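> Sequence:
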Amino acid sequence: MNNKYVVVDLETTGNSVKKGDRIIQFAGVVIQDGQIVDQFSSFLNPGQTIPIFIEELTGISDKMVEDAPLFADIAPKIVEMLEGAYFVAHNVLFDLSFLQEELIMAGYEGFYGSVLDTVEMARILLPMSDSFKLSDLALQENLEHDRPHQADSDAYVTAELLLILFEKLRKLPLGTLKQLYPLSHGLKSDLNEIIDELILEKEGFIEELTELEVYNGLYICKREELEDICDKQDHPYPQPEQDKESLLSTVFPEYEQRSGQLQMMDHIYQSFQSGGHALIEAGTGVGKSLGYLLPAIYFSKLKNERVIISTFTTQLQEQLLHKEIPLLKKMLPFTFKTAILKGKNHYLNLDRFSLLLKETDDNYDTTLTKMQILVWLTITLTGDKDELNLSSGGQLFWQRIQFIDQRSTNNRYNSNYDYYLRSRIEAQHADLLIVNHSLLLTDLIADKKTLPTSNYIIIDEGHHLEKIAGKHFGFVFDYAFVRFLLQQMGVYEQKQLLYKVEKVLEELGFREKDFINRGELNQYLSDLLLEMDQLFQTIAFYAKAKQKQKNQSYPSTIQCALVIDHTKESHSVVSDAERFLFLLKDITNALRKRHQWLMDRDRKTLRQNAIIDELTLWLNKADKLMQSMRSVFLQHSGEEISWIEIDTRSRKNKTTVFSQPIHVSNGLKEHLFQQKKSVIVTSATLTVKDSFQYMRKSLGLDQENCSQIVVPTSFDYQKQLKFIISNDLPEVKAVTVDEYVSAIGEHIISIAEAAEGRLLVLFTSYEMLRKTYDLIKESGFLQDYTLLAHGITNGSRERLVRNFQRFNKAILFGTSSFWEGIDIPGDDLSCLIMVRLPFSPPDEPLTAIRCQQIKDLGGNPFYEYSVPEAVIRFKQGFGRLIRTQKDKGAFVIFDQRIITTSYGKAFLQSLPPVKAERLSIDETVKQIEQWLD
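Reminder that position 536 of the sequence shown reads as 1260 in the working numbering, one-by-one numbering, no gaps.
Since the hints were derived computationally from the structure, they do not count as laboratory data. Owing to the predicted nature of the structure, the values given are computational and were not obtained by experimental measurement. Hints should not be assumed to be uniformly reliable.
As the list claims (entries may be wrong) - List time: in silico BS3-like cross-link candidates among lysine-lysine, alpha-carbon distance up to 27 Å:
no., residue 1, residue 2
1, Lys1054, Lys1027
2, Lys1237, Lys1191
3, Lys1421, Lys1457
4, Lys742, Lys801
5, Lys1027, Lys1053
6, Lys1348, Lys1068
7, Lys1219, Lys1309
8, Lys946, Lys1061
9, Lys902, Lys1082
10, Lys1309, Lys1400
11, Lys1191, Lys902
12, Lys857, Lys1348
Use the sequences and the hints to build the structure in full.
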């Protein structure tokens, strides 16, 4: 690590030097002997106009470079700097390829020495980072990065990051370095040279591995012995009469009494004491998490009863465990045990990883993932995949190393080294167990229970419970999953699982006399792949025919009900499904006999055990696939609905079939509310016009045994929110989509300028979002603004939100998932536009059949189902704007139905008390400017 390193960053006019893009700024930072010893940077005249979006991104304008040197003028300096050095960059292939071309054009040979990529190094050495973007890593490592996207600042921060990465590498144990070394030859950069030097340096010294231990050749973080966890005694428990508010104020010196939060605590505690269920709507700002955690812990310790907290996402689980629970542990004068439990596929199987580590025919993603995990093992206490930031290829590799339910040999089992079984044992001894809705619901209907017994459950974000229950009481299968499953087995010549199983059978003396021979089995698998393609083509044809019957054009996504009737299209689907099922059943029967034969043999090596485990997992997945297909195609009843979703841009690869109960209320009532003494369902959005009737009916809760309270928000919306309803836009159904988009586009431009960006625009239709985004972008009116759009701009929802917060003038266009779950407090978000009231499309299969059932019973489906569902979503969207006591913002709704229709009152009456004003766009702009001034 005492070599010479030159860390380079470039700003350019675009992404391709081959297409004529040029460098506008060069920066290089020299590191020697582990220290930054020199730096050089210069603007460069590219001989062309700098694009507007590059100027906005970098802050570099044409004026700044007009008197700057040409690249050829500084080329000698760059060549001198790079002499005998490692070339380092954050995404090295971009900077190196650009620099190479510029050097060659300037008459030089270019750089052909060793290279290091700090993105690649960060993925390996900081595997738990949320993001590997330079600005995010700088924030994570407390590096000052005041001018992102300017080369001198980026290069210096990258140099500091490189030194941190070197230090991380140096601290790894020798054994881990030796395992990383052969893998490092498969990287894009020459990290293998650095690792080799470190191995030579460390081999002469004795290591003290006080925080690590070795299991099966893997260096893993040492954890507390399970016996110590299980035997640990708690401190004495005080009586619950202790004043809750005084406890809160010890942790939060500036704690302001939130009467709503205390009301929530008391109601939960009383519900647990009396053994009744409760629905609690707790408005934004109440402090909901603390509001349910404190009474849960008190009750658990007082009654010696475990309480389960169920959240919507695994991210919220982590937030509770690492943010809220530590605060409570500081607050309370007694100890309590908390555990988090996730589905078994979240946990690493050390034995399987140790075995697959030895495989050498890896692609790049698998190589990188193996290196990530080797480093991660030295720091993880949980073995939980959610700690890792894996690529999509890494996710596929994880499926081969995740926990498998059935172990082939129990004599090797040691729960200290089995992350999943250890987490289950910790859960058994927890006073408070944190799970997610998915695991809770899976466990409710499972024959073999995963969760420890508990009669007291708190369900956070409870408005999602019905939708999640639908998925877990139903089935889903898609082309991508089925193809991946069959490719995992593979035909014999592909040397996948079938090949490995056959080799183990040969090693143990298997004879085919009483079994289907390998040739037949191989042919069955080949035939099954063909049947799979035929089945999904037929399903796509069925959906296309249904779309044609509606006389509609083909949108990017087709969604239609799958009705098994006497039509030709339906008969074709069932016929193809039956052929696929019969063939898959023959294959699984043949493989299950081989599996049983292997399980009956005694002498198995670690490699043989791993292959048998993999076969066990494959057979379990195949059984679930057959179960879903029978339910959808052969055993359908009037209680379920099946539907097809297809991405028309790739019909075969993105075809999914869903099946679920039309109503889940009976299932929730039977499996949850009738089985548990007290279930608390809480969320910021459970009521419609202050009534819980819709939610109670959806969840199957009886009014007699269910208390209901609305805990009002602590925010002063009259002072924090300006609520505007546009009065000069056309009714959406009175004009064409293009005319409506043109009208709202002009309004969005005007409002964005008034709010100076910091604007979130929520759509209910992706088509309308795309058209509006394109119109605004092409208009040129918002050239100084960064436009970010869901489904158009690259990146996940979280990345789009981070980028939105990064730019001063930004507009974020969102649909579907952006209506909830995103948190943008403070000045980063000052204005929210809601384009339309969020009604589900009436032809959406689940919506259509539920509405039809209500109609058949003499009810009004629009008021009984469509409006309440839309109001809940509307409240979620509204809740994106004001997130803290100090937030201030403007909420603008374009949809005039909120005041021109009778049902519009349901939306207005479901909001916190705040005055709405009907204004023209000119009045709106003036009000927003004054409000945000």
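> Tell me the hint numbers this structure goes against, listed in increasing order.
2, 3, 10, 11 and 12
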